[in-house]
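Asks: Read off the chains here:
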Amino acid sequence: MAIIELKNVNFRYGSGTPFEKQALHDISLSIEPGDFLGIIGHTGSGKSTLIRHFNGLLRPDSGQVLVNGDDIWTASKDIRSIRFQIGLVFQYPETQIFEDTVAQDIAYGPRNMGLDEKEVELRVHEALQFVGLNDSYLERNPFRLSGGELRRVAIAGVIAMRPQVLILDEPTAGLDPEGRNKILNELEQFRRESGTAIVLVSHSMEDIAEHVRNVLVLDHGKIALDGTTSAVFSQAEKLVQLGLDIPQITKVLLGLKAKGYAVDTGALTLDQAERALLRLFEKERR
Amino acid sequence: MSALIETKNLHFQYLHNDSQESWILNRINLSIQKGEFVAILGPNGCGKSTLAKHFNALLVPSDGEVLVDGLDTQNDQNRFDIRQTVGMVFQNPDNQLISTIVEEDVAFAPENLGMDPLEIRSRVEWALKAVDMLDYKRHTPFKLSGGQKQRVAIAGILAMRPQCIVLDEPTSMLDPKGRADVMRTIRRLNHEFGLTIVLITHHMEEAAQAKRVIVMDRGKIELDDSPENVFYQIDLLKRLKLDVPQISELVVRLRRRGIHLPDQITQVDQCVDALVAALEE
Amino acid sequence: MTRDITIGQFLPGHSIMHRLDPRTKIVLTFFFIIQVFISRSAASLCFLIVLLGFLIASSQVPAGKVLKGVRPMIPVIVFTALLNIFYVSGEPVFTFFFLQITKQGLFTGFTLLVRLTALIAGCSLITYTTSLNALAAGLEQLLAPLRRIHFPVSELSMTISITLRFLPTLAEEFDRIIDAQKARGAEFNSGNPIKKIKSYFPVLLPLFMSAFRRAFELTNAIECRCYQGGKGRTKMNVLKLAPRDFCAIAFFVITFFLTIAFNYYFPAPY
Chain H
1 MAIIELKNVN
11 FRYGSGTPFE
21 KQALHDISLS
31 IEPGDFLGII
41 GHTGSGKSTL
51 IRHFNGLLRP
61 DSGQVLVNGD
71 DIWTASKDIR
81 SIRFQIGLVF
91 QYPETQIFED
101 TVAQDIAYGP
111 RNMGLDEKEV
121 ELRVHEALQF
131 VGLNDSYLER
141 NPFRLSGGEL
151 RRVAIAGVIA
161 MRPQVLILDE
171 PTAGLDPEGR
181 NKILNELEQF
191 RRESGTAIVL
201 VSHSMEDIAE
211 HVRNVLVLDH
221 GKIALDGTTS
231 AVFSQAEKLV
241 QLGLDIPQIT
251 KVLLGLKAKG
261 YAVDTGALTL
271 DQAERALLRL
281 FEKERR
Chain B
1 MSALIETKNL
11 HFQYLHNDSQ
21 ESWILNRINL
31 SIQKGEFVAI
41 LGPNGCGKST
51 LAKHFNALLV
61 PSDGEVLVDG
71 LDTQNDQNRF
81 DIRQTVGMVF
91 QNPDNQLIST
101 IVEEDVAFAP
111 ENLGMDPLEI
121 RSRVEWALKA
131 VDMLDYKRHT
141 PFKLSGGQKQ
151 RVAIAGILAM
161 RPQCIVLDEP
171 TSMLDPKGRA
181 DVMRTIRRLN
191 HEFGLTIVLI
201 THHMEEAAQA
211 KRVIVMDRGK
221 IELDDSPENV
231 FYQIDLLKRL
241 KLDVPQISEL
251 VVRLRRRGIH
261 LPDQITQVDQ
271 CVDALVAALE
281 E
Chain C
1 MTRDITIGQF
11 LPGHSIMHRL
21 DPRTKIVLTF
31 FFIIQVFISR
41 SAASLCFLIV
51 LLGFLIASSQ
61 VPAGKVLKGV
71 RPMIPVIVFT
81 ALLNIFYVSG
91 EPVFTFFFLQ
101 ITKQGLFTGF
111 TLLVRLTALI
121 AGCSLITYTT
131 SLNALAAGLE
141 QLLAPLRRIH
151 FPVSELSMTI
161 SITLRFLPTL
171 AEEFDRIIDA
181 QKARGAEFNS
191 GNPIKKIKSY
201 FPVLLPLFMS
211 AFRRAFELTN
221 AIECRCYQGG
231 KGRTKMNVLK
241 LAPRDFCAIA
251 FFVITFFLTI
261 AFNYYFPAPY
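Residue numbers (this note's numbering), protein chains in the order written: chain H, 1 to 286; chain B, 1 to 281; chain C, 1 to 270.
Don't read these hints as lab results, they were simulated from the structure.
Some hints here could point you the wrong way.
Said to hold, decoys possible - Estimated spans, in silico, between C-beta atoms of each pair:
| hint | chain 1 | residue 1 | chain 2 | residue 2 | range |
| --- | --- | --- | --- | --- | --- |
| 1 | B | D116 | H | I79 | 55 to 63 Å |
| 2 | H | D71 | C | P72 | 25 to 33 Å |
| 3 | H | E237 | C | F212 | 40 to 48 Å |
| 4 | H | H125 | C | F212 | 28 to 36 Å |
| 5 | H | D135 | B | K241 | 19 to 27 Å |
| 6 | C | P243 | H | K238 | 53 to 61 Å |
| 7 | H | R192 | B | Q74 | 51 to 59 Å |
| 8 | C | M209 | H | H220 | 48 to 56 Å |
| 9 | H | G195 | B | A3 | 31 to 39 Å |
| 10 | B | R256 | H | G195 | 46 to 54 Å |
| 11 | C | P145 | B | Y14 | 40 to 48 Å |
| 12 | C | L156 | B | S122 | 27 to 35 Å |
| 13 | C | E223 | H | T228 | 47 to 55 Å |
| 14 | H | D71 | C | A211 | 48 to 56 Å |
As the list claims (entries may be wrong) - Just some of the chain H residues that point at chain B, by a computed CB distance under 8 Å:
| hint | residue |
| --- | --- |
| 15 | Y13 |
| 16 | A173 |
| 17 | L242 |
| 18 | D245 |
Glycine included, each C-beta is placed from N, C-alpha and C at the ideal position.
Just chain H, with the same shape it has in the complex:
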């Protein structure tokens, strides 16, 4: 069964005011256990609005949001319990840190769940490990950590709730390449070890290309493209039209295609691009 399922979700901001704006149009999608989904789209395409529907921060005007098969907005449901199952990490999550030690801050979510202190401690320890920080960080003051470390502490604060899905909005924004790669690699490892499904929201196509299995492209609140990552990337021209930035190597392959060479433009990684080009050279030399 899908963990999250959206059926024909519509949402407008400022309903009934002159500023009313349709933000989501008839969105249907599902997120299955173990998924690694990328959601891309330019600013204002509805990404942030969409993920706020996954854990009940926003309520659709029409359509259904199902978590583990149940509509989260039917009466008696406790919306808070949904938020423990669907972990949501916002953009620049370090701005949500408020406790004076790393351990205390990570414990905020688990404590809200009503877990006993022993379990909380266990989860804090586990979550910190998942983000690649050792126990020496537990008692440190979060505000003295580097930007990359602080970001990882914030992510650990959500992981510690052991959600079934972890949704991250631009988890690498504003970090240097080292910080970015560390976080992406740790997420990948976390997914493999814990089996948690991950949804990565990003406008960095390079991050998406290397890590994600399926991609959903949003444009003006509608799903413009979806499918496996390579299937979506092979439609690079369309991505460019949608105002998205594509990896340099994809641009090179597209450039060659535009000059009349029959080259496969669906390459996602350097290895794949290299192979595609070598194949092209062999073909042309014959």
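Given the coordinates of chain H, assemble chains B and C onto it according to the supplied hints.
Replies: Below, chains B and C alone, put in the same frame as chain H:
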């Protein structure tokens, strides 16, 4: 050409030094000429922002000296002239804008300089035009996109008519469209107005647009060369945990496979042309 | 993102009232307040109502909107009026045990009702027709002479400007942090007041931290733009009085004397 910014044996450390490193900036000797477009790369904490803050006297050296257009930054009386010569744009566009109306924000610096209202007006219009934001002069910055806000911030500096603009990761909080718009603006300021540009960035594609790239690590300058040369020092870039541009790595790999590609390809269209040439062989 | 923040109640428009110089409007608002307080006779009170009607008409702000602004103050107005009805001594019209209503009391109560309503409606007109920016600029230039006695006029206006600039940004951030803590299971609408205040701690603390960080960065940015306080600072937009401003001032001077005349020739009955 003469040096606009010159550092001689620049050392820097904060007074309350709680890090283990003895210097945040260690013996920096650098000279930036008028009209140059320089990119500075390096991992976080390598000292690049600290260095940039020395270029307009936001920080002054603990040892050594920094001259801006011949003026010593150590001397308090030069500070005003130095800040008018070298303007600075920061990472977060929100935290640089002080007014609720775009044109009034851009007018802020000339107003501080005590200029005549008519002169201020003409500078504001000119600056907004240079960053292509004139249509938004009566808008409120809060409603603009990140890229637009950052261009307004650039206009706010331009209105001082500086000779040089130092930009500290100006695109790192922007989306691809905003990033491209800001980069186009920066290139234009360099080409059309001959403005000296110092760009601190993590994005190799942006650094590739400069004429000169400086790579820093742990307070020192590791490399100072053209992007073509810097981008092919793949081992060094990897050691410093910087991104290796995909194109450089692709070219190196293909060459290893016996495909003849020329040196120093950094741009997508150069790469496509070189591949086409190799295919036609 | 979800919020469309409008601070104050400015309604953009092109009426004569909108186009007046903010300084004129500030000064005339004071004039109006004085006028409200000197209107004591039945005739001058009627004149005040006519004047208010005229002002509302010339601002093109829907009268309903202006009166809506008065609504939250109704309890206070009614309470004050009632108090006066019962407390002013004089010729009794109605007696009930110890309660006595006098003619004088009724008149005073009615006077207060009209005055307070006019006062609030009149003052709200300036906020409907003037943006906060314009108000701040007007105030700055009105207070400019105080610079001579070292009153930090331009620092004050700079503070106002930065506050206006950052309020929506911080409000947006507030929303985002609330969402982020909700995603970690925070509850904000339950429990007793103390618990409720405590539940906002995880939102307010990060918000303060962020405000400080912004302030720090802003300081650097302002320094780069050669800010050094109000000394030697000029303004791009210098307010200039137009003929209509002089007309408005003349109009108010006339109404002012008319009110005095009404008070004098048709004095209060009691």
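Asks: Now, for every hint given, state plainly whether the structure supports it.
Replies: How the hints compare with the structure:
The hinted window of 55 to 63 Å between B/D116 and H/I79 holds, with their beta carbons roughly 60 Å apart. At roughly 40 Å, the beta-carbon separation of H/D71 and C/P72 lies outside the given 25 to 33 Å, and the hint is violated. Separation of H/E237 from C/F212 is about 46 Å and conforms to the stated range, judged on CB atoms against 40 to 48 Å. Roughly 31 Å separates the CB atoms of H/H125 and C/F212, a value that falls within the hinted 28 to 36 Å.
Roughly 25 Å separates the CB atoms of H/D135 and B/K241, a value that falls within the hinted 19 to 27 Å. Look at C/P243 against H/K238: about 60 Å separates their beta carbons, and that is inside 53 to 61 Å. In this structure the supplied range 51 to 59 Å holds for H/R192 paired with B/Q74, their Cβ-Cβ distance being about 55 Å. One distance hint, 48 to 56 Å for the beta-carbon pair C/M209 and H/H220, is violated here, with the actual separation near 35 Å.
Our hint of 31 to 39 Å for H/G195 and B/A3 is violated, since their Cβ atoms are close to 59 Å apart. A C-beta distance of roughly 39 Å is found between B/R256 and H/G195, which places it outside the suggested range of 46 to 54 Å. Separation of C/P145 from B/Y14 is about 44 Å and conforms to the stated range, judged on CB atoms against 40 to 48 Å. A hinted range of 27 to 35 Å for the beta carbons of C/L156 and B/S122 is consistent with their spacing of about 28 Å.
Taken as a hint, the range 47 to 55 Å holds for the pair C/E223 and H/T228, whose Cβ atoms sit roughly 51 Å apart. In this structure, H/D71 and C/A211 break the distance hint of 48 to 56 Å, their C-beta atoms being roughly 39 Å apart. Residue-level restraint check for H/Y13 is violated (minimum Cβ-Cβ distance to chain B is 14 Å; threshold 8 Å). Hint status for H/A173: holds, given a least beta-carbon distance of 7 Å to chain B, under 8 Å.
Residue-level restraint check for H/L242 is violated (minimum Cβ-Cβ distance to chain B is 11 Å; threshold 8 Å). Checking H/D245 against chain B by beta carbon gives a least distance of about 3 Å; that is within 8 Å, so the hint holds.
The structure shown violates the earlier hints numbered 2, 8, 9, 10, 14, 15 and 17.
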